[in-house]
Amino acid sequence: MNIAEHLPILVIVIPLMSAVIIPVAGRVNSIYSWYIAVAVTLSSFLVSLSLLNTVMDTGRISYWLGNWEPPWGIEYSIDYLNAYVLVVVSFIFFIVSLYARKSVEKEIDSSKITAFYSIFMLFVTGLMGIVITGDIFNLYVFIEIASLAGYALIAVGKKRNALMASYNYLILGTIAATFIVLGIGYLYMVTGTLNMIDLRDKLPMVYESKVVLTAFAFFTVGLSLKLALFPLHAWLPNAYTYAPSVVSAIMAATATKVGAYALLRVMFTVFKLEFDLQVVPVTKILIALALVAIVAGSVIAIAQTNIRRMLAYSSVGQIGYIVLGAALVNQSSITGSLLHILNHGLMKGSLFLVVGAVIYKTGVEDISGLRGMGKKMPFSMAAFTIAGLSMIGVPLTVGFVSKWYLALGALSADMWFIIPIILASSLLTAVYFWRIIEGIYFAEPVGAYPAAVAGYGKRKSGPKGSKPPKSKNSNENNGSFLKDDAPLGLIMPTLVLAALCIVFGVGAFIPVSVAEQAARMLLGGV
Amino acid sequence: MEAVKSAMPLYAIAVSLLAVVLIGISGKKPNLREFWTIAAGVLKFTIVASMLPLILEGNVIEYSLVSILPGLDIAFKVDALGMFFALTASFLWIVTSFYSIGYVRSLNEHAQTRYFMFFAVALSATIGVAFSANMFTTFVFYEMITFCTFPLVAHKGTTEALKGARRYLTYLLGTSVAFQLFAIFLTYNAAGTLDFTQHGILAGQGSDALLIAIFVLFMAGIAKAAVMPFHSWLPAAMVAPTPVSALLHAVAVVKTGVFVVLKVVLYIFGVNLLSELGVGTVLAYVASFTIIVASIIALRQDNLKRRLAYSTISQLSYVILGVALLTLSGITGSIMHIVLHAFAKITLFFTAGAIYVAAHKTRVSELDGIGKQMPFTMAAFTVGAFSMIGIPPFGGFLSKWYIGIGAIEAGQLPIIAVIVASTILNAAYFLPIVYAAFFKELPAGEKAKRREAPSLMVIPLTITAIVTLALFIWPSVFLELARMAVAGAM
Chain P
1 MNIAEHLPIL VIVIPLMSAV IIPVAGRVNS IYSWYIAVAV TLSSFLVSLS
51 LLNTVMDTGR ISYWLGNWEP PWGIEYSIDY LNAYVLVVVS FIFFIVSLYA
101 RKSVEKEIDS SKITAFYSIF MLFVTGLMGI VITGDIFNLY VFIEIASLAG
151 YALIAVGKKR NALMASYNYL ILGTIAATFI VLGIGYLYMV TGTLNMIDLR
201 DKLPMVYESK VVLTAFAFFT VGLSLKLALF PLHAWLPNAY TYAPSVVSAI
251 MAATATKVGA YALLRVMFTV FKLEFDLQVV PVTKILIALA LVAIVAGSVI
301 AIAQTNIRRM LAYSSVGQIG YIVLGAALVN QSSITGSLLH ILNHGLMKGS
351 LFLVVGAVIY KTGVEDISGL RGMGKKMPFS MAAFTIAGLS MIGVPLTVGF
401 VSKWYLALGA LSADMWFIIP IILASSLLTA VYFWRIIEGI YFAEPVGAYP
451 AAVAGYGKRK SGPKGSKPPK SKNSNENNGS FLKDDAPLGL IMPTLVLAAL
501 CIVFGVGAFI PVSVAEQAAR MLLGGV
Chain R
1 MEAVKSAMPL YAIAVSLLAV VLIGISGKKP NLREFWTIAA GVLKFTIVAS
51 MLPLILEGNV IEYSLVSILP GLDIAFKVDA LGMFFALTAS FLWIVTSFYS
101 IGYVRSLNEH AQTRYFMFFA VALSATIGVA FSANMFTTFV FYEMITFCTF
151 PLVAHKGTTE ALKGARRYLT YLLGTSVAFQ LFAIFLTYNA AGTLDFTQHG
201 ILAGQGSDAL LIAIFVLFMA GIAKAAVMPF HSWLPAAMVA PTPVSALLHA
251 VAVVKTGVFV VLKVVLYIFG VNLLSELGVG TVLAYVASFT IIVASIIALR
301 QDNLKRRLAY STISQLSYVI LGVALLTLSG ITGSIMHIVL HAFAKITLFF
351 TAGAIYVAAH KTRVSELDGI GKQMPFTMAA FTVGAFSMIG IPPFGGFLSK
401 WYIGIGAIEA GQLPIIAVIV ASTILNAAYF LPIVYAAFFK ELPAGEKAKR
451 REAPSLMVIP LTITAIVTLA LFIWPSVFLE LARMAVAGAM
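Residue numbers (the numbering used here), protein chains in the order written: chain P, 1 to 526; chain R, 1 to 490.
Just so you know, these hints were derived from the structure itself, not from any lab.
There's no promise every hint is true.
As the list claims (entries may be wrong) - From chain R, some residues computed to sit far from chain P (all C-beta separations above 10 Å): (1) Glu143; (2) Arg166; (3) Arg167.
To be verified - Label pairs and their computed distance ranges (CB to CB): (4) Asn53/P with Arg483/R: 41 to 49 Å; (5) Ser67/R with Arg435/P: 29 to 37 Å; (6) Val21/R with Pro281/P: 52 to 60 Å; (7) Trp401/R with Pro420/P: 56 to 64 Å; (8) Leu273/P with Ser67/R: 50 to 58 Å; (9) Glu276/R with Leu49/P: 29 to 37 Å.
Unchecked claim - Covered stretches of chain R, going by a simulated chain P footprint (3 or more residues, C-beta under 8 Å): (10) 7–13; (11) 60–68; (12) 152–162; (13) 321–334.
Cβ coordinates follow ideal geometry from the N, Cα and C atoms, glycine included.
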């Protein structure tokens with residue numbers, strides 16, 4: 001048998017096995033666990049790319065686990081939608097793994113590093129599994145794997161608050177999982193099947209039944225909790241704020257996106273379009289919630305002083321965009337929603353990685369900690385600026401592309417009033433990002449840092465060295481190539497994500513070509 | 001008319017972006033760094049000017065850089081109107097560069113490298129706007145100008161400078177995102193394209209209500225044109241160093257605003273459609289209001305740069321007024337006013353900067369007798385002021401003449417009264433300065449000794465003053481370009 005035929009299962013098996021191997025290898029030297037994590041995430045990414053390539057060439061891939069024929073056996077079903085999401089998610093895993101080494105050494109007890117990578121691989125397994133599976137119970141299993149791993153990842157940091165944040169997430173996450181499994185149970189009760197495509201065929205006969213309606217409600221609420229749709233976002237800010245930097249980056253860039261993917265799957269694959277549009281007013285409710293999320297997330301973000309919490313609330317708003325695109329249910333809007341899964345992953349991933357680098361260098365998490373950083377950490381701050389502008393939605397960045405499609409989607413759906421809300425949220429985003437960007441380049445750095453590094457804060461002294469404007473002469477500053485910036489291991493991955501914000505902003509047709517196909521597929525049947 | 005495919009417009013834009021890199025890496029060698037600025041300026045002007053013959057023969061030059069999405073292309077098209085603007089901006093960049101060098105070195109300004117880098121980016125973006133082939137490209141460069149001029153406006157880094165710069169950004173970014181982008185969405189949704197086309201793309205593409213809404217959104221979204229009530233960013237931006245105020249807030253930024261208004265009126269809507277909708281007249285009266293009110297406010301400003309800023313607001317609305325009349329002469333006058341006001345106003349800003357550098361004076365009330373100390377500077381000021389007022393033989397007369405004729409053609413006689421009133425107001429806020437400078441006594445304790453600013457500043461302002469005069473006598477190239485642009489659009 002050809003190995004290429006088994007690529008779908010490799011997406012799951014490789015990270016799963018590595019979760020076992022890492023603790024063993026880590027006993028020899030904890031650095032091996034990092035090597036393995038990088039190798040695993042890289043291979044996941046390559047496999048995902050290859051799957052996407054196959055889907056583009058030959059259409060949907062159906063992989064039968066243990067060769068059991070669906071609907072009896074578990075099927076891994078890969079089409080444009082999940083191939084796309086797999087590539088996005090696995091790429092971010094890979095980039096963040098590259099970044100993880102130094103940051104993890106700093107933020108996590110050395111005795112826990114091996115365990116961290118092992119759990120990280122379980123988390124990868126879970127999220128990749130959610131995306132690849134075509135079986136709804138299997139989906140639940142992977143949601144649980146990812147969630148349990150997620151609780152542990154959040155709690156692993158040195159901060160005590162992390163335990164509280166993790167516990168909160170655990171409670172809400174468990175409620176969500178319960179809802180989802182109840183929904184699955186009800187669907188199984190009326191149809192006797194767990195295969196998504198099979199469900200799609202069998203459900204229309206019982207669309208009007210109370211059981212199916214209840215199941216759908218359970219799914220919607222459960223998944224909304226998972227993807228932190230306002231007002232079910234309560235777990236998210238603390239989780240992102242107190243988790244180790246690497247974990248915040250992964251969670252923000254992948255976990256909620258996968259939640260959004262699951263919602264799309266349930267809405268458009270398990271259930272048919274007419275159910276969403278005619279049987280229950282779910283799209284109207286989701287549009288309303290998404291719009292509230294978009295505005296509220298941005299407004300609350302403005303009020304934050306902790307930069308990670310600010311980014312977290314910003315995520316709440318951005319998730320609103322993704323849900324909005326899905327709920328508007330047309331070609332442009334769903335394309336926009338899918339693009340935003342990638343685009344927001346790149347932007348927010350990059351931002352969290354920059355914050356991680358600043359914490360690495362200075363230990364400061366307050367927004368004021370970025371003041372005057374433009375000349376001390378020029379590369380990290382350049383990445384922050386690019387990603388920040390992208391969040392605002394400046395043209396030629398990815399943020400603009402998402403908003404373009406969402407706006408066209410709103411017009412296609414005859415809901416022009418959504419556009420002012422999108423634009424207003426862009427301006428609110430500009431308020432909280434520009435405040436920071438301005439501080440980075442135009443403000444004086446704050447005094448002492450908790451974790452100041454030797455040689456930090458040295459400045460070329462001149463006759464007018466004490467005069468504030470003089471020190472802004474960043475280009476006249478002597479110093480090494482990196483100046484006082486974080487090590488290359490932290491900078492490079494950050495810059496890659498930031499650069500992609502521009503690459504896919506200018507070369508938008510690359511992700512768009514896939515996202516459009518996926519949207520067409522979601523709207524037009526399987 | 002023939003469309004020539006050529007990458008020249010791209011080179012014209014890219015040359016100053018390349019200079020940004022060179023300026024950045026030679027930050028420690030000021031002379032080399034300034035050489036790059038000047039070289040890029042000269043090269044840019046040469047490239048722009050080299051396209052002139054083709055344009056004058058009635059061709060357009062097209063170049064498509066990249067297609068981001070279907071309907072969203074970064075593409076360039078050099079036509080008479082764009083050439084008109086690009087020639088003005090790129091020529092004035094050279095002059096301003098010399099002036100900037102004199103200014104920042106005399107005052108020993110900080111962060112000079114950053115200053116010259118962002119200046120170069122701003123010019124790239126300005127030429128980008130001039131040569132845009134569609135509204136999306138225009139929007140990209142429009143926003144680029146907003147962002148890359150922020151560091152220039154906030155240059156001093158003081159609380160006051162940052163406050164002014166924030167207001168600048170809030171107005172320009174706020175309106176462009178909230179209104180202009182909204183209008184772009186609606187336009188694309190209605191017309192299916194954003195390309196600038198000879199007689200507009202929106203005719204018959206939607207209900208009158210929708211088209212009027214789009215027009216209002218566009219006009220509100222182009223705050224760089226500083227039409228009231230979206231004008232207050234301009235006085236706030238006067239915290240910038242004077243060369244920045246001169247080039248950006250007399251030419252690049254504000255002229256980008258009115259230029260985009262022209263493009264929207266001529267190539268998105270088209271003159272015919274706007275006449276049918278009847279919104280031109282409304283715009284003409286909004287512009288008239290701005291002309292008069294801004295002039296009255298200018299009267300009351302004691303800070304010289306602020307007085308010039310309000311004068312700019314007033315003069316920009318002449319451009320808007322001319323185009324809003326939707327007649328041949330009106331639009332010609334409007335286009336001519338772009339270049340005529342640019343040279344006169346940059347001269348005035350240059351003199352304001354020269355006075356600040358040489359005498360450390362910023363207020364109108366301090367200028368008594370300064371003509372004895374700075375005769376060249378104040379002579380140039382007088383030329384600029386007379387051109388603003390519109391006295392022949394100074395450039396400003398021409399555009400007012402055309403706009404006046406345009407008003408008669410459109411049957412809007414009240415507009416003539418507006419022009420007359422504004423001329424009187426202009427005289428009222430400029431002539432006292434000229435009078436005080438030359439005929440009043442110096443304050444006690446100051447000697448009538450010659451103390452001009454460095455020649456790197458005085459020569460540029462003399463040149464722009466001479467051009468202001470020359471444009472009245474030989475307006476031919478610009479007038480020809482303006483006529484071609486109008487002929488194409490009518």
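For each hint, the structure was consulted:
| no. | hint | verdict |
| --- | --- | --- |
| 1 | Glu143 | violated (6 Å) |
| 2 | Arg166 | violated (7 Å) |
| 3 | Arg167 | holds (12 Å) |
| 4 | Asn53/P with Arg483/R: 41 to 49 Å | violated (57 Å) |
| 5 | Ser67/R with Arg435/P: 29 to 37 Å | holds (35 Å) |
| 6 | Val21/R with Pro281/P: 52 to 60 Å | holds (55 Å) |
| 7 | Trp401/R with Pro420/P: 56 to 64 Å | violated (42 Å) |
| 8 | Leu273/P with Ser67/R: 50 to 58 Å | violated (31 Å) |
| 9 | Glu276/R with Leu49/P: 29 to 37 Å | violated (54 Å) |
| 10 | 7–13 | violated (count 0) |
| 11 | 60–68 | holds (count 3) |
| 12 | 152–162 | holds (count 5) |
| 13 | 321–334 | violated (count 0) |
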